[in-house]
Amino acid sequence: MRLTASILALTTAMSFGGAALAQDKNVKIGVLTDMAGLYADVGGVGSTAAAQMAIEDSGLAAKGWKIDVVSADHQNKPDIGVNISRQWADQDKVDGIFDVLTSSVALAVAGVAKDKNLVYMNSGAAASDLTNSACTPNTVHWTYDTYLLANGTGKAVTKAGGDTWFFLTADYAFGAALERDTTAVVVANGGKIVGGVKHPLSNSDFSSFLLQAQASKAKIIGLANAGGDTTNAIKQAAEFGITAGGQKLAALLMFASDAHALTPKLAGGLQLTATFYWDLNDNTRAFAKRFSERMKNKQMPTMVQAGVYASVTHYLKTLVDMGGNPHDGAKVVARMKEIPTDDPLFGKGLIQANGRKIHPGYLFEVKSPAESKGEWDLYKLIATIPAEEAFTPLAQSTCSLLKK
Amino acid sequence: MFNISTQALFAQLLVGLINGSFYALLSLGLAVIFGLLNIINFAHGALFMMGAFCAYFLLTYAGIGYWGALALSPIIVGAFGIFLERTMLHRLANLDHLYGLLLTFGLALIIQGVFQNFFGSSGLPYAIPPQLTGAQNLGFMFLPNYRAWVVVFSIVVCFATWFAIEKTQLGALLRAATENPALVRAFGINVPRMITLTYGFGVGLAALAGVLAAPINQVRPLMGENLIIVVFAVVVIGGMGSILGSILTGFALGIVEGMTKYFYPEASNTVVFVIMAIVLMVKPNGLFGRAS
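Those protein sequences? They're chains A and B, same order as listed.
Taking the numbering used here as reference, the numbering of the first sequence is continuous, increasing by one, and the terminal residue is 404.
Taking the numbering used here as reference, the numbering of the second sequence is continuous, increasing by one, and the terminal residue is 1292.
Same shape as in the complex, but just chain A (with noise of 0.2 Å):
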């Protein structure tokens, strides 16, 4: 009896199996991200409503597609986003996963997107070692990474003068990675390092590494911390006189949403490197626009979500392409790389054989207070930096992935 209906089973799924190879039009999208934690401004629910977005303008649900998007909170750790991970590969039947902010858990998560073949398009994590070192066949980097930040805000404090560094770093896999990068090309521009302190993620007082960068007498203080971390020790290091005494702070990752928390008062004259600025062109504006009547706090998009708005316009373009959903992680992934990308926000561009997406940063300067004409009108444009020397040159990628 078990056996006959195993067998009816089996061939049932036989003849439906070739056709939906091709016709399948259900895709389903997972969003991961810090809902509730330091980070739940740069992605949270905002990742998910630009998912929801990105497929709604997409289009595909009057052609039929049945998209559905399920989002879950890692808590910025690595065990939770790999067991979600998991549990969404096994009992849910996800097919990509989007966003992951936080590299520890975003490194954690690579290693599940290959065993389990999904898709993994990461927007909010900067490590640079997930199209280096940690490469796969299923990841897809989005919008930033280290190597970026590096060389735009490292280089161009370094190049105008601060050739002497000390570290303020969170301790674990993102600020590992920033440090490193920085390191690299602090000194390449003929610049070093004369000290640095690991802090705890999610730190709230700075005072004791503050007073040890003070002390450090370095020109530049360097922040490879990121969110609540890196407005707190902007707040704390105008108390403590950090600025006034002649030292300048470099912060080598901040969000449209820390310049705002901090105000143009106290972020004022920062510089900052971002792919991403809401008021940067009029696609970017009537895109924000959307975004942030949707947000309960009004807020305005960040890089990371408006990078899971374009990550997500790529999938459904490259799905359309393979007409229909082949459930198939690494294939979808291959043939993304071989088609060009363009989406409103970050405009043309491509997938590298490593996954690395690659487009244009930006050095931009917080406004001033007197410059400020808004609540977000934070930043303005400094230099533009190409898309091919934005990211890491695919010679220099350590991906196994490129040896022949």
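Hints may be right or wrong, so weigh each one.
Simulated restraints, written as ranges between beta carbons of each label pair [unchecked claim]:
1) D377/A - P1129/B: 22 to 28 Å
2) P340/A - P1129/B: 28 to 34 Å
3) A1008/B - P386/A: 40 to 46 Å
4) D1096/B - D79/A: 27 to 33 Å
5) L1138/B - A160/A: 27 to 33 Å
6) K159/A - F1163/B: 57 to 63 Å
7) N1117/B - G59/A: 26 to 32 Å
8) G1063/B - K265/A: 17 to 23 Å
9) I382/A - A1008/B: 32 to 38 Å
10) K159/A - W1067/B: 43 to 49 Å
25 Å max Cα-Cα, derived SDA-like pairs, lysine to any residue [claimed, not checked]:
11) K198/A - A1008/B
12) K198/A - F1010/B
13) K248/A - L1143/B
14) K380/A - S368/A
15) K248/A - F1142/B
Derived from the structure by calculation, the hints contain no laboratory data.
All C-beta atoms in this analysis are idealised placements derived from N, C-alpha and C, irrespective of residue type, glycine included.
Put chain B on the given structure of chain A with help from the hints.
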């Protein structure tokens, strides 16, 4: 490795003392609530956060600055605490500690969730009051005036609270009411009201610490979340319910943590718990606790 200057050492001691002020204020509130109400108030961090938010609201919507907030915010948040006590907590008075802990923990999650929903995670700016901006160059360090104010003010508040509970008649009544409520009631004292007001006072202390913290940190929904775990460790080390113990341990652990940040920063968020484990092994009732 240990090539430190005395200057740096002094600076770190002072910075530790500043953090210790927050630990002391918060653990004091917890100790008062536990000592007199027998409630393990896990909502303390959320109420601390509400104090900071209250200061922000007063400034933004009512134009009331820092000094006004320092007086009003503890009263407003304290009133909220009294509401919680009257509507929910007092029902658990005769049950196991665990019920109070679970209820207040749940309340903390709800309060933080609501604030996060409306204000996001990045936080809101709150400036240092103009009278306290600037800093003093002490030779060995640059001491912001505001931080000096925090230390002095906390010591005064802590001492006043200790004095009120341990040395005045009101304090004696309070302590008696915890030991034997029936007897104190026989003297014509309204014990339930006294307990409610005590909870309101403990909550007010948390809110006060929140106002003090607002200009230092961003006013964020999660600002109390990490702090509260450390503060609980402080209370355990000091001895549950011991007023003086919580104050002294608060300041002392701030200093220990400050030194750790200098010598081995990676361990700075665990050192307090290591000390807690050692103290619990050697003196299970805490450094200042009485054997039950």
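List of violated hint numbers, smallest to largest
2
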